[in-house]
Amino acid sequence: GIQVEQSPPDLILQEGANSTLRCNFSDSVNNLQWFHQNPWGQLINLFYIPSGTKQNGRLSATTVATERYSLLYISSSQTTDSGVYFCAAFTGGFKTIFGAGTRLFVKA
Amino acid sequence: DAGVTQSPTHLIKTRGQHVTLRCSPISGHKSVSWYQQVLGQGPQFIFQYYEKEERGRGNFPDRFSARQFPNYSSELNVNALLLGDSALYLCASSLQGAQPQHFGDGTRLSIL
Chain A
1 GIQVEQSPPD
11 LILQEGANST
21 LRCNFSDSVN
31 NLQWFHQNPW
41 GQLINLFYIP
51 SGTKQNGRLS
61 ATTVATERYS
71 LLYISSSQTT
81 DSGVYFCAAF
91 TGGFKTIFGA
101 GTRLFVKA
Chain B
1 DAGVTQSPTH
11 LIKTRGQHVT
21 LRCSPISGHK
31 SVSWYQQVLG
41 QGPQFIFQYY
51 EKEERGRGNF
61 PDRFSARQFP
71 NYSSELNVNA
81 LLLGDSALYL
91 CASSLQGAQP
101 QHFGDGTRLS
111 IL
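If you read the sequences in order, they're chains A and B. Residues 1 to 108, numbered by my numbering, are exactly what the first sequence covers, in order. Residues 1 to 112, numbered by my numbering, are exactly what the second sequence covers, in order.
FYI, nobody ran anything at the bench for these hints, they're computed from the structure. Values in this document were obtained by computation on a predicted structure and should not be read as measured data. Mixed in with the good hints there might be a few duds.
Computed beta-carbon distance windows for the label pairs [said to hold, decoys possible]:
#1 A:Gln-3 with B:Arg-55: 15 to 23 Å
#2 B:Leu-11 with A:Pro-9: 25 to 33 Å
#3 A:Ser-76 with B:Asn-79: 44 to 52 Å
#4 A:Asn-45 with B:Gly-84: 24 to 32 Å
#5 B:Ser-110 with A:Val-64: 36 to 44 Å
#6 B:Pro-70 with A:Thr-79: 19 to 27 Å
#7 B:Pro-70 with A:Asp-10: 40 to 48 Å
#8 B:Glu-75 with A:Gln-42: 30 to 38 Å
#9 B:Arg-63 with A:Ser-7: 43 to 51 Å
#10 A:Glu-15 with B:Glu-51: 19 to 27 Å
#11 A:Arg-103 with B:Thr-5: 22 to 30 Å
Once the Cα atoms are required to be at most 20 Å apart in a straight line, the calculated SDA-like pairs of lysine to any residue come out as [claimed, not checked]:
#12 B:Lys-30 with B:Leu-95
#13 B:Lys-52 with A:Gly-93
#14 B:Lys-30 with A:Thr-91
#15 B:Lys-52 with A:Gly-92
#16 A:Lys-54 with B:Lys-52
#17 B:Lys-30 with A:Gly-93
#18 A:Lys-54 with B:Gln-99
#19 B:Lys-30 with A:Gly-92
#20 B:Lys-30 with A:Phe-94
From the three backbone atoms N, C-alpha and C, an ideal C-beta is built for every residue, glycine too.
Next comes chain A alone, as it looks inside the complex (with noise of 0.2 Å):
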């Protein structure tokens, strides 16, 4: 089945400093989620980007679907954007699949 590669599996940052977080599939998708679980366990959409670019605030994705690939953008990090970020690919075979995620911490 498809497999869901996520990167770095850590990362420690700054406060105000930016990141890359990378998400590659092994095979092509038909939807590609992004989600933040916060320390509460509560798994918060942050972008539904099967294709193209989105930006929301701070936050910004890009998925290059022919190259299987998306990439999450947090620029000015802030201590409440520490917790674990995961990509989720929906395969034809009506399965999600989730990455390891990336845990992510801010240091203020």
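Got chain A; can you put chain B on it based on the hints?
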């Protein structure tokens, strides 16, 4: 509008017991998916239902089953509970299968 609601929020069971978890989707959403998230890992796909039919199944044993009701709510059932079933169980809904998924807050299941 209410988001995806799951019940109960926490549950403690012992090995060998059976458990039923419930999920109400966002109004108008016809697809419900279930995931298991073990501590420190990403969510693992269990089932997807659309219009009351199972459309996708992950690599979970037959002890796991689910169903979707005419009002699109869903139940996840797990029989013969094992210690390894301890996890956060997440439900997500979407308009249809490939559309953006919206997650509930989950049910934390602990097996003693």
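Hint check results:
1. Judged by the Cβ atoms, the range 15 to 23 Å given for A:Gln-3 and B:Arg-55 holds: they are separated by roughly 21 Å.
2. Taking 25 to 33 Å as the suggested C-beta distance range, the pair B:Leu-11 and A:Pro-9 conforms, at roughly 30 Å.
3. One distance hint, 44 to 52 Å for the beta-carbon pair A:Ser-76 and B:Asn-79, holds here, with the actual separation near 49 Å.
4. Between A:Asn-45 and B:Gly-84 the beta carbon distance is about 29 Å. The supplied range of 24 to 32 Å therefore holds.
5. Between B:Ser-110 and A:Val-64, the C-beta spacing of about 41 Å keeps the proposed range 36 to 44 Å intact.
6. Checked against the hint of 19 to 27 Å, the C-beta distance between B:Pro-70 and A:Thr-79 comes to roughly 45 Å, which is inconsistent with it.
7. Between B:Pro-70 and A:Asp-10 the CB atoms are about 45 Å apart, so this pair conforms to the stated range of 40 to 48 Å.
8. A C-beta distance of roughly 22 Å is found between B:Glu-75 and A:Gln-42, which places it outside the suggested range of 30 to 38 Å.
9. Distance hint check: the CB atoms of B:Arg-63 and A:Ser-7 are about 34 Å apart, inconsistent with the given range 43 to 51 Å.
10. At about 47 Å, the beta-carbon gap between A:Glu-15 and B:Glu-51 misses the expected band of 19 to 27 Å.
11. The given range of 22 to 30 Å is respected by A:Arg-103 and B:Thr-5, whose C-beta atoms sit roughly 28 Å from each other.
12. A distance of roughly 5 Å separates the Cα atoms of B:Lys-30 and B:Leu-95; the hinted pair therefore holds under the 20 Å criterion.
13. For a cut-off of 20 Å, the pair hint linking B:Lys-52 to A:Gly-93 stands: about 17 Å separates their Cα positions.
14. Of the supplied pair hints, the one linking B:Lys-30 and A:Thr-91 holds, its CA atoms being roughly 18 Å apart against a limit of 20 Å.
15. Restraint check: the Cα-Cα separation between B:Lys-52 and A:Gly-92 comes to about 19 Å, which is no more than 20 Å; the hinted pair holds.
16. Distance check on the hinted pair: A:Lys-54 and B:Lys-52 sit about 33 Å apart at the alpha-carbon level, beyond 20 Å; violated.
17. Taken as a hint, the B:Lys-30 and A:Gly-93 pair is honoured in the structure, with Cα atoms around 18 Å apart against an allowance of 20 Å.
18. Annotation: proposed proximity of A:Lys-54 to B:Gln-99 holds, straight-line Cα distance about 16 Å (limit 20 Å).
19. Distance restraint check for B:Lys-30 and A:Gly-92: the Cα-Cα separation of roughly 18 Å lies within the 20 Å cut-off, and the hinted pair is therefore satisfied.
20. In summary, the hint linking B:Lys-30 to A:Phe-94 is supported, as the alpha carbons are separated by about 14 Å, within the 20 Å threshold.
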